[in-house]
Amino acid sequence: MSTDEPRQTAADTPADTDDPTYVGVSVGVEHLIVAAPADGRVGTQLVIEGDHLHERHAILVEATNAMQARRFDDPTGEAQLFEAMWHHLRPQVYDAATRAVRHAQRFETPRLVVDERHTREATLWERRTESGLRAWLPAALQRAVVEKAREAEVPVVCRAVADARGVCHECGTRGRVDDRELVCSREDCPVRRVAHGLSDAVRLARRGRR
Numbered sequence: 001m002s003t004d005e006p007r008q009t010a011a012d013t014p015a016d017t018d019d020p021t022y023v024g025v026s027v028g029v030e031h032l033i034v035a036a037p038a039d040g041r042v043g044t045q046l047v048i049e050g051d052h053l054h055e056r057h058a059i060l061v062e063a064t065n066a067m068q069a070r071r072f073d074d075p076t077g078e079a080q081l082f083e084a085m086w087h088h089l090r091p092q093v094y095d096a097a098t099r100a101v102r103h104a105q106r107f108e109t110p111r112l113v114v115d116e117r118h119t120r121e122a123t124l125w126e127r128r129t130e131s132g133l134r135a136w137l138p139a140a141l142q143r144a145v146v147e148k149a150r151e152a153e154v155p156v157v158c159r160a161v162a163d164a165r166g167v168c169h170e171c172g173t174r175g176r177v178d179d180r181e182l183v184c185s186r187e188d189c190p191v192r193r194v195a196h197g198l199s200d201a202v203r204l205a206r207r208g209r210r
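In case it helps, our numbering puts the sequence shown at residues 1 to 210.
Read the hints as simulated data drawn from the structure, not as lab findings.
Cβ coordinates follow ideal geometry from the N, Cα and C atoms, glycine included.
Hints are not guaranteed to be accurate.
Ranges between beta-carbon positions, derived for each pair [to be verified]: (1) Gln80 - Glu116: 30 to 36 Å; (2) Asp19 - Glu116: 21 to 27 Å; (3) Glu153 - Arg210: 18 to 24 Å; (4) Ser185 - Glu62: 36 to 42 Å; (5) Thr173 - Arg150: 32 to 38 Å; (6) Glu116 - Cys171: 23 to 29 Å; (7) Arg193 - Arg117: 23 to 29 Å; (8) Arg209 - Val183: 43 to 49 Å; (9) His88 - Arg209: 37 to 43 Å; (10) His87 - Arg41: 35 to 41 Å; (11) Glu153 - Leu81: 34 to 40 Å; (12) Pro91 - Arg174: 34 to 40 Å; (13) Asp95 - Ile59: 16 to 22 Å; (14) Asp51 - Arg117: 40 to 46 Å.
Please take these sequences and the hints and turn them into a complete structure.
This is the structure in structure tokens:
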């Protein structure tokens, strides 16, 4: 099973005849999805936590380790175990994606902006769970967001923000990532602390027109 991201097509390419609201969608592990427009005002963002998925993934890891301890180190068995777990995880992933698209539809002429880092193919089953959720969850979430956006006829554009990881979206100063927050190092910046996912979402939204 894979989560190869649907590529942007001509149908997704926005026309330039209207005045759209770009909504950045940051996907991750601690926060499954953070969606926000370019201004990032309080009350305009959506944050979906990922604790419930962490708990379910921990069950997967425990079961896999038990199999390996008993020398049932069988790739087929591991894949079947993950298939069963994904059956339970998938509705939560797609529910989060649906909520993100509905949040974007609150705005006038919405367009979602996603990070091109997660458009690569990602294997849902990571061998021996070495890489954890980060190996596949962001790409799975982004695929779900793109699918739900297309169903709702909300255009999606893809932008790169990897070069700006850890950079404050407001002043452009490189800061420090502390737990789930980005701490800006510039003293006179109005953004002292901000959820890292929110900073990424706002940055994506601001790159929407490029």
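Query raised in the report: So does His88 sit 37 to 43 Å from Arg209, Cβ to Cβ?
Result: Cβ of His88 to Cβ of Arg209: about 39 Å, so the range 37 to 43 Å holds.
Query raised in the report: Within 36 to 42 Å or not, the Cβ separation of Ser185 and Glu62?
Result: holds, 40 Å
**Report entry** Consistency of beta-carbon spacing, Arg174 to Pro91, with hint 34 to 40 Å
**Finding:** Holds, at about 38 Å.
Query raised in the report: Glu153 and Arg210, beta-carbon distance inside 18 to 24 Å?
Result: Check passed, 23 Å falls within 18 to 24 Å.
Query raised in the report: That 43 to 49 Å hint for Arg209 and Val183 (C-beta), does it hold up?
Result: violated, 28 Å
Query raised in the report: Is 32 to 38 Å a correct range for the gap between the Cβ atoms of Thr173 and Arg150?
Result: holds, 37 Å
Query raised in the report: Would you say the C-beta atoms of Arg193 and Arg117 sit inside 23 to 29 Å of each other?
Result: Given a distance of about 24 Å, which is inside 23 to 29 Å, the answer is holds.
Query raised in the report: Does 35 to 41 Å hold as the CB distance between His87 and Arg41, or does it fail?
Result: Between His87 and Arg41, where Cβ atoms are some 39 Å apart, the hint holds.
Query raised in the report: Does the Cβ pair Glu153, Leu81 satisfy 34 to 40 Å?
Result: Given range 34 to 40 Å: holds, Cβ gap about 37 Å.
Query - Cβ distance range 30 to 36 Å for Gln80 and Glu116, holds or violated - result: This hint holds: roughly 33 Å between Cβ atoms.
Query - Distance restraint hint 21 to 27 Å, applied to the beta-carbon atoms of Asp19 and Glu116 - result: holds, 24 Å
Report task. Take the C-beta atom of Glu116 and the C-beta atom of Cys171, compute their distance, and say whether it sits inside 23 to 29 Å. Result -> Hint holds: Cβ distance 24 Å, inside 23 to 29 Å.
Going through the hint list in order, the structure does not satisfy hints 8, 14.
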